[in-house]
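There are 4 protein chains.
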Amino acid sequence: MLSDQQMLRIPGPTPIPPSVQRAMSQPMIGHRDRDTKELLRKIKPKLKPIFGTVQNVEILAGSGTAGLEAAVINTVQPGDEVLVIVTGAFGERFVQICNAYNIITHQIHVSWGDAVTPEKVESYLQSHPSIKAVMATFCETSTGVLNPIQQLAKVIHQSSEALYIVDGVSSIGAIEANMDAWGIDILVTGSQKAFMLPPGLTFIAASSRAWEKIEANDQSRYYFDLRKYHHSSLLDSTPFTPSLTLLYGLEQVIKLLDQEGLANVFGRHDLMMKMMRAAFHNLGIPLLTSEKAASPTVTAIKPNTFQADELRKVLKDTFGLVTAGGQGELKGKIIRIGHMGYCSPTDILQVISSIEIGLKMIGMDITLGKGTQAAQKIFLRSGKH
Amino acid sequence: MLSDQQMLRIPGPTPIPPSVQRAMSQPMIGHRDRDTKELLRKIKPKLKPIFGTVQNVEILAGSGTAGLEAAVINTVQPGDEVLVIVTGAFGERFVQICNAYNIITHQIHVSWGDAVTPEKVESYLQSHPSIKAVMATFCETSTGVLNPIQQLAKVIHQSSEALYIVDGVSSIGAIEANMDAWGIDILVTGSQKAFMLPPGLTFIAASSRAWEKIEANDQSRYYFDLRKYHHSSLLDSTPFTPSLTLLYGLEQVIKLLDQEGLANVFGRHDLMMKMMRAAFHNLGIPLLTSEKAASPTVTAIKPNTFQADELRKVLKDTFGLVTAGGQGELKGKIIRIGHMGYCSPTDILQVISSIEIGLKMIGMDITLGKGTQAAQKIFLRSGKH
Amino acid sequence: MLSDQQMLRIPGPTPIPPSVQRAMSQPMIGHRDRDTKELLRKIKPKLKPIFGTVQNVEILAGSGTAGLEAAVINTVQPGDEVLVIVTGAFGERFVQICNAYNIITHQIHVSWGDAVTPEKVESYLQSHPSIKAVMATFCETSTGVLNPIQQLAKVIHQSSEALYIVDGVSSIGAIEANMDAWGIDILVTGSQKAFMLPPGLTFIAASSRAWEKIEANDQSRYYFDLRKYHHSSLLDSTPFTPSLTLLYGLEQVIKLLDQEGLANVFGRHDLMMKMMRAAFHNLGIPLLTSEKAASPTVTAIKPNTFQADELRKVLKDTFGLVTAGGQGELKGKIIRIGHMGYCSPTDILQVISSIEIGLKMIGMDITLGKGTQAAQKIFLRSGKH
Amino acid sequence: MLSDQQMLRIPGPTPIPPSVQRAMSQPMIGHRDRDTKELLRKIKPKLKPIFGTVQNVEILAGSGTAGLEAAVINTVQPGDEVLVIVTGAFGERFVQICNAYNIITHQIHVSWGDAVTPEKVESYLQSHPSIKAVMATFCETSTGVLNPIQQLAKVIHQSSEALYIVDGVSSIGAIEANMDAWGIDILVTGSQKAFMLPPGLTFIAASSRAWEKIEANDQSRYYFDLRKYHHSSLLDSTPFTPSLTLLYGLEQVIKLLDQEGLANVFGRHDLMMKMMRAAFHNLGIPLLTSEKAASPTVTAIKPNTFQADELRKVLKDTFGLVTAGGQGELKGKIIRIGHMGYCSPTDILQVISSIEIGLKMIGMDITLGKGTQAAQKIFLRSGKH
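These protein sequence lines map, in sequence, to chains B, F, G and Z.
If you use full-length UniProt numbering, the first sequence corresponds to residues 1 to 385, in order.
If you use full-length UniProt numbering, the second sequence corresponds to residues 1 to 385, in order.
If you use full-length UniProt numbering, the third sequence corresponds to residues 1 to 385, in order.
If you use full-length UniProt numbering, the fourth sequence corresponds to residues 1 to 385, in order.
It cannot be assumed that every hint is accurate.
Which copy is meant is left open, because identical chains are indistinguishable; a pair holds if it fits in one copy or across any two.
Once the Cα atoms are required to be at most 27 Å apart in a straight line, the calculated DSS-like pairs of lysine-lysine come out as [as the list claims (entries may be wrong)]:
id: 1; residue 1: Lys292; residue 2: Lys370
id: 2; residue 1: Lys255; residue 2: Lys316
id: 3; residue 1: Lys316; residue 2: Lys292
id: 4; residue 1: Lys331; residue 2: Lys228
id: 5; residue 1: Lys313; residue 2: Lys255
id: 6; residue 1: Lys154; residue 2: Lys302
id: 7; residue 1: Lys37; residue 2: Lys255
id: 8; residue 1: Lys48; residue 2: Lys228
id: 9; residue 1: Lys333; residue 2: Lys37
id: 10; residue 1: Lys292; residue 2: Lys333
Calculated directly from the structure, the hints in this document are not laboratory data.
Using the sequences and the hints, build the whole thing.
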């Protein structure tokens, strides 16, 4: 195989565009100097439309999980009851965080691969008026499920006073989010997914209603205390040394998103999902999620005629094509393919046509080109050209 | 002034060596893949001698403050009494963290610019047997003070059962640390100082004694829960997505430190400090700290005949030489010059000779070259060549 | 379209592998210092197997044409008669160079898209005993023709005393060359093709027989005087300041070729050609060259049912897929697709499946996936996995 | 010594500014595509003021010597008589090029370290009316001499019809040149000196009078045929594949020069020279050149009390400070220090203060700081701040 070749098609970290890579090579500056302030001033307003909010989007140095924890502990207190919608491994992460903080979790579990229905949440909330917050995962990275975040917002606010906390880690920047219009109270994401950056930053925005809770909350926290970030933001600063390299990259990411146009970025992801699904459908390989529950950023297949990990190995060894396996109960049973950030419809064609070869190599009886053709048809029908 | 020129001589972030910059441009990989495991396997054993320990050094994505908070909340609980040695802004940060967690702080304050004496700590501990942890700052970045960390260890362990928690943020990698031999229980540092990396990583090592406390501690924490890191370390992994870009850089940093030899690295920093101090001494400009309390990584002057910030502005405008001002009570009163990481004795000569010009430019009556000469003499006497 | 995306599939310059890009960022060094000597010592022996020679391969700063000119003027003199085999634009370049130097050219022209036959050359040489050199193009970049260089060597040496000068610009590094075994007297290439580097270097190797001519030749030349390079090579140096950045890159290129293995590199290019051709064949789009005359590095199609440049425009606008048009008499009539250097079979699948879409977009009645399927079958049959 | 540290202070190649290094990492593009045309359109007009001409500045891929050869062979023919002013190794290079082409050279030799006087040239030309071209070196890199190029122009044009060909390799971009106003007919430079780029490009501008000669000249040449470059320039193109990586860097270099302002760039170099000379003068170390003949880009010392190469070795081993030795008859006798391009007055202070230490280390009895002080005084007096 050609050396130095890799197609990283896992659901994060995602490949870094060349211009972002270059931007990240800029020399260090003083993190309390004017240059850093100007950098933040250029970046921060541009994050708002990506989140669909007029609120500041706070930037923390840390993994996405750091952002989730910050979301939880700034708004909820030990002994509070919350409802966690668990549709996969990252829903479970919310539960683990709550458990660590003695927050009482009610849990709605749906099968891995399914999305939750608003009705289920609605009736649960109606019968549990003590719930103070609802936590949901926008795109469940472990399954490729997209939960109906907007519709959930509606039923949550109609049925309760609960805050609505959303993990947007594999979605924000790739999928439209209208935090303010929909009524999301806390929206979190990370840098290494649709933001096309290395891991290391997490982003949090909060509604006015959430900020009131945050201000009033006396839960112990320091590094994750969003009040500190809010206060520093007003001074175009950060409470702790920011991850400058990633901010340099972020400045360029925002330029790229601007050049393409956010609506086009979202459209591209939607198109890639449809191409992906049509291809597997035509190849007769079962998808983990239904049409309705599918995420534009990650597609999982659940083969019933071959070993998922055998195909993954062949793809890596033959093409340098790196995919993700299953987590938790789906370990060894699925293949997850990331298609977010620096990924285009032609990349999807490459992935699919390579997988077709991989399938043959592990002895599957498929028709070569059939998946590719299906994806091509979707592309042509989309009019995205 | 020459465009694109900057001499960043603040006490962090520090300049990135070219080879580290290149290493950080490596493409993303799967953070759960073999490649990441191999990267961690190469890096982690090499961190041990830098900390002077046989324990694992855990790597967290976050600022140095995140590391300090992790150190505190993994070992101490609300209501516990601790002694914080406050010699500047970063000593105060320990207090703030403890306050945020309802940990009861006893505080020994010494004037900013002074180091604490072991005697003071000893007598305090003897009269306060309830103290469960002592927190000290190795190099106090806000003043350039080096506290007597080894001697403190001795008195702490002789006078109490307290854990000894040390903030090594501006020292580890530049100054010798023998965590195990001295008896430090928790030692923390960050990436953007002597480690010559951008901000975004924090490093923590703990003694066996500390690990026992950590295991037993039921303080709520999730992202900062060191048990998770310890457990993942055993599998050559990390509990949360690591900051891959910085790990790439770290691999190269470790090569550079190996090439030079740790003892030489420490010697270089010691030499740079002595050159710095001799220069200012000869120019008749007061140093903030005494000889004994001086840190090899940052030198602060406290001018009494001119405005600190006026000189800083002239240096930046004329030479692109960026220095740091004072923090807190020393705001506007001192100039701090960082000399750690990617910084060499010749860089010190450059800084000093430029400052001499700056002093003249703001009207000071100094003899040009006098500081430089003093520094040169120190260099020659050191035999470091 | 996704910003910052480009698939550069022209027959040079070709994409730079990430690790080569990083290598090229190394800081400048003295070009007369030990470091440069060591760099040359590491690089130069590794070039020999790529050329298939025990001779030194000389490195000149300049475009490929500079190398061709150096080849000609070091071995031939004004008034000498030479035979130039013209199979396209780069054959004509030899003629132009000869014309500029008053070298008398005999020319064998074959239609653009065809290769020359050894018989034609043989009979020509037999009837023109005064010919002192024969110039041929290994891969004719303007058409994608691969001339039968080995067979030509045989007839040239059997029928004449002429030197055999070969332009290997789009072939060396991608196609097997056995300069010594075959009997090539001068072999030239450039950096921006199969060597995966930016343009700016040209490489020349000469046989013992050629070196005799070079030594004896009194044609005026200075920068292109190969004797100077030969002499400097013996001292691990270069006669003029070398293009350091490209040498840094070359060092890494050689590592990549070593890792893959030269035989595998050649096999990969052969496979990519076959995939390409099968795809277009199955789509019913005429190829410019015959099976036998096809180059492993560039494939040209000559559509008769659509405008070549219309498809090229659609591919660039829709996918960022950059292809090359025709030159000279083929301007506007063909599309040339480069597949050399940093290019793999999966990239071919991507190119083909994208072109299928492009064909539909310009109104062609093709079956989507049909070309892709043909390419996939070739891949599977190749056993290169 | 700190690993990864190097101060490259030779008279070329010179250090690359970080932003230029980043610019050079841009991905390849088609060299016949619109993007390359746009790049050339942005770069080429900005080269004119640097040369002081309204003529196009042509860009060739090759070393500086390639440019010198192009200058000679485009304007002069075998058998023509030319006058070469030889003030060092690069004057001799002109002679060698002429010799290679059977051009008859008259030579005015001045001692290495001296500049030529206009009077000498004037009287020579008056007594040799057959001379068709005069070749001079602006800055003689091998000695650090700056020849009186403007005054020479005057006497050449008053005394003859000869073309005036100037090697500006270590001067253009650092020293004011008014090609048109002064009457230079051909002006050549390279990329790796004041242009702050790696080696690999050479630049040539010609006067209208020179273009007439070039057009009419039937000397054999192809790659170096300036007519081809001129013709391509009109189409915003290049006749042969350009060195794209270096053009990317050049675009950024031009931005840096613009930001600083050309007059300031020239002033900075003049100041650095004066600082350098004052320092050595005060240290009692003989300079090779007189005040009047000194170049703003390179300073040579000719020690009479120690071995030049001994000091050079100490500086490299102790500080990573790389200087150049002597060439030709000055081999081992001088030290040349480059101060052009990415070099600032503070870098001069660093070099001088390091050299002072080096002098002590080899046993010289100098007063530390004395050279630095002299340089500082020059800086302060210059008002360049």
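Hint check, failures only: 3 and 6
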